[in-house]
Amino acid sequence: MLGYYLKLASVSIRRNPVLTGLMILAIALGIGACMTTITVNYVMSSDPIPQKSDQLHYVQIDSWDPNSPFSDDGDPPDQLTWTDATNLMRDKKAFRQSAIASSNGVVIPPGDDSKPFMATMRITYADFFPMFELPFQFGSGWPSSTDENRDYVVVLSRKTNDEVFGGEDSVGRTLNIVGKEFRVIGVLDEYFPVPRFYDLTTGPFNTPEDIYLPFVLKEELELNNNGNTNCWKAPEGEGFLGFLQSECVNYQMWVELPTDADKQDYEDYLYNYVTEQKNLGRLERPMNNRLPNVMEWLDDQEVVQDDAQILLWLSFMFLGVCLLNTIGLLLAKFVSRSAEIGLRRAVGASRSDLFIQHTVETGLIGVIGGILGLGFALLGLEGIKMLYTDVPEQIVQLDITMVIVALVLALTASIAAGLYPTWKACNIAPASQLKSQ
Amino acid sequence: MSNLEIGPILRALMRNKVGAILIAIQIAFTMTIVVNAISIIQERERLVARESGLDDANTFFIDSSGFTEDFNEKVTVEEDLANIRNLPGVVSAVQINAIPVSGSGWSMNLQTTPNAEGDGTAVAVYMTDENGLKTMDLELIAGENFSPADVRWRARAQSDWPDKTIITKTMADDLYPEENWQYALGKTVFIQDDEPMLIIGIVDKLQAPWVGWGSVERSMLSPEYQLFGSARYLIRAEHGFRDELMPQVEELLAQSNSGRIIRNLTSIEDARKRSYQAHTAMVKMLSLIMVVLILITALGIVGLASFNVNRRKQQIGVRRALGATQGAIVRYFMVENFLISSSGVLLGAGLSVGLNVILVDEFSLTPVDWYLIPTSMIALWVVGQIAVFGPAQRAASIPPASATRTV
Chain A
1 MLGYYLKLAS VSIRRNPVLT GLMILAIALG IGACMTTITV NYVMSSDPIP
51 QKSDQLHYVQ IDSWDPNSPF SDDGDPPDQL TWTDATNLMR DKKAFRQSAI
101 ASSNGVVIPP GDDSKPFMAT MRITYADFFP MFELPFQFGS GWPSSTDENR
151 DYVVVLSRKT NDEVFGGEDS VGRTLNIVGK EFRVIGVLDE YFPVPRFYDL
201 TTGPFNTPED IYLPFVLKEE LELNNNGNTN CWKAPEGEGF LGFLQSECVN
251 YQMWVELPTD ADKQDYEDYL YNYVTEQKNL GRLERPMNNR LPNVMEWLDD
301 QEVVQDDAQI LLWLSFMFLG VCLLNTIGLL LAKFVSRSAE IGLRRAVGAS
351 RSDLFIQHTV ETGLIGVIGG ILGLGFALLG LEGIKMLYTD VPEQIVQLDI
401 TMVIVALVLA LTASIAAGLY PTWKACNIAP ASQLKSQ
Chain B
1 MSNLEIGPIL RALMRNKVGA ILIAIQIAFT MTIVVNAISI IQERERLVAR
51 ESGLDDANTF FIDSSGFTED FNEKVTVEED LANIRNLPGV VSAVQINAIP
101 VSGSGWSMNL QTTPNAEGDG TAVAVYMTDE NGLKTMDLEL IAGENFSPAD
151 VRWRARAQSD WPDKTIITKT MADDLYPEEN WQYALGKTVF IQDDEPMLII
201 GIVDKLQAPW VGWGSVERSM LSPEYQLFGS ARYLIRAEHG FRDELMPQVE
251 ELLAQSNSGR IIRNLTSIED ARKRSYQAHT AMVKMLSLIM VVLILITALG
301 IVGLASFNVN RRKQQIGVRR ALGATQGAIV RYFMVENFLI SSSGVLLGAG
351 LSVGLNVILV DEFSLTPVDW YLIPTSMIAL WVVGQIAVFG PAQRAASIPP
401 ASATRTV
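Protein sequences, first through last, are from chains A and B.
Going by our numbering, the first residue of the first sequence is number 1, and it counts up by one from there.
Going by our numbering, the first residue of the second sequence is number 1, and it counts up by one from there.
Because the hints were derived from the structure by calculation, they are not lab data.
Careful, some of the hints might be misleading.
[Said to hold, decoys possible] Chain B regions said to be covered by chain A (calculated; three or more residues, Cβ under 8 Å):
| hint | region |
| --- | --- |
| 1 | 25-39 |
| 2 | 270-284 |
| 3 | 292-305 |
| 4 | 372-379 |
| 5 | 382-391 |
[Stated by the list, open to error] Among the chain B residues that face chain A by a calculated CB cut under 10 Å, a handful are:
| hint | residue |
| --- | --- |
| 6 | Gly66 |
| 7 | Glu69 |
| 8 | Ile191 |
| 9 | Leu227 |
| 10 | Ser230 |
| 11 | Arg232 |
| 12 | Tyr233 |
| 13 | Asn308 |
| 14 | Ile358 |
| 15 | Asp361 |
Using N, Cα and C, we set each Cβ at its ideal position, and we do this for glycine too.
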């Protein structure tokens, strides 16, 4: 029976090609616009580390000016001071933990005619790699003994290893970074979390860094601060060390707390830590510690950009207009077919037969519109790639989920649009139309 | 009025209202989107059109980072500046810590009394020498420029400040909101709670590096060369010489000292494009949405009107047979469309304001300018009339004789 209805539908579509074409185009454009914005919003709000995002917590402590809050809504600073970051790392009260920061430095590849370059750098502790499950092509992250011994070891990104060592297994080789010889201990495989959740202060969709060095080396190598450094008072000490020990915030810290009990313990520990620091004359603001997990932190930092949300809403309205268009046209089409419907009713088709027949027709229009709409969405995403030159590739890619969403959306939208016209068509009395024949 | 036949048209509409209501709602939604999209576009275009204060078209910058043990930063900066300034086509060049509208920079707070509680007035800091004004195309509207003797060298972790500064007019206004801007000249402000800086000059306009910052017009100049490991040079070329000079400067720096990396050669125009990329993208996307939407709505009107014409073929024939002119038939459809559009745009006016209130609330956009509402209403009326004109013409060409035929 479905085959017969499909045949009827295609006959009907061919009878009014322009009108049907207009309906399909309207649905396709609406779906195209929606899928483009849905994809962008979906990727922006996606969970970058779904397997454990609720166990990873960002550490916030209110180290700001006693006289004025860091932000008007009462949130503590979005980063830590060097003092707090290194203190919390020394205590190691979580299952895993790593303070991190961004920096940069000159890398001189081996060989006499090599071209030195400026590399972006993430300084971390040993736990960073297992905690965020970074994929390794060669070697591994460094052991925690490295952090204690202040060894000069480095983890390279795949891209850096490709450029410097031609993609070979470079574990054990040495590399000159900021004037010192570093031993390569691991090479990452492709790694590009979207959003790049571990450090949102330099833009949530930035590329991960070129090289990873032990955090503790910042002090002796005087690695510079990248990203945002915010200070509420001038450093008291002199020189680089004075700057490190100031109340300026530039460091992020993550802890892995597998259970709620662990989280509770860590909260208690933070409470005690802050109290202790208060006794030492620091952290004069009221107690305001936070431990948001990954998704809470992304939400708090408003990673999904306003523009993307505005476009999402506008594109849904756009789809709404396209559907209204389709309803009007379907109505006209079905009503103009009254005579034929009357005839079918008269020769025995039940209302439900007619209902199914017309729903099949609108569904067919929807599916064709949906497929065309996917094409428009691909075009739309290409357009976004051209307009925003620095968005990561992942944001502008349709995955299989999105394709299914698009088709289901198109199908439901078109069937919903067809409901009223179909209902009207089914209610045509057999006799009324036969009269005029 | 009587020959517009509004009465009969309305009664005919009432008999078949669903189609008309659908078109009206469609027009209302279209108008809602169009009004709000135009409002957002206007807001973004205003932002993008703001002037940085620099001679954007003729200015560029480049970074140099020394990495060898024996790299002498101070000597290099002095030599580089002398070499660059000697190039033909260079108007002026300075070392600077940050580039206006580029996205990254340095901010400080200035207070009018030492150790005052509260935040002070945040300001973007540009460290540069006495050539900063010329290089950045700044007009000194009060006071004086730095003298070469004012300019000092600042080491990387050095935290004290020079004792003189030049600020922008907006910064002067914001420091002393009670007074007019001239008041700031000769006053001492305090940086880092208690370090005094004397305001020796005020310049017309210089934007901060962050285009999204609400106080983007607040900037100050601090007379310093920097020894930060990486040096950044801002170079202003004579009109038309920029593209020629950019590779020359890069070459010059790379040749003169091999112990360094030269990078980030960028024109201010490109930096600006990058900083405003999101805004220009939004403008383009919203424009596209608007055009397509109006097109869809217009096509919808054409489609429905065509159907109505076909359906009423016989009645139209009858009217023609009874003496209605072709003009009367055209007018009928035009008036009918006008009535539908009118209810649509009236509803649209309400919805536009409603959506705008939500957008203003949720995303802190600026409210719609009132005149957009009547303008969009008229525009959609016109679109409706144009769309229906074709089908109406076809209706008018139905011969009177068709009244005698059955469908």
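Verification of the supplied hints:
1. 25-39: With 8 residues in contact (Cβ-Cβ under 8 Å with chain A), the coverage given for the region 25-39 of chain B holds.
2. 270-284: Result for this restraint: holds, n = 7.
3. 292-305: holds (count 8)
4. 372-379: Violated - the region 372-379 of chain B has 0 residues with a Cβ nearer than 8 Å to chain A, which falls short of three.
5. 382-391: Contact hint for the region 382-391 of chain B vs chain A: violated, 0 residues under 8 Å.
6. Gly66: holds, 8 Å
7. Glu69: Since the shortest Cβ distance to chain A is 6 Å, the answer is holds.
8. Ile191: For Ile191 of chain B, the interface hint holds, since the closest Cβ of chain A sits about 9 Å away, which is under 10 Å.
9. Leu227: violated, 12 Å
10. Ser230: Holds - the Cβ of Ser230 of chain B comes within 10 Å of chain A, reaching about 8 Å at its closest.
11. Arg232: With Cβ-Cβ at 13 Å, over 10 Å, it is violated.
12. Tyr233: violated, 16 Å
13. Asn308: This interface hint holds because 8 Å falls under the 10 Å limit.
14. Ile358: holds, 9 Å
15. Asp361: Since the shortest Cβ distance to chain A is 12 Å, the answer is violated.
Of the numbered hints stated above, those contradicted by the structure are hints 4, 5, 9, 11, 12 and 15, listed in ascending order.
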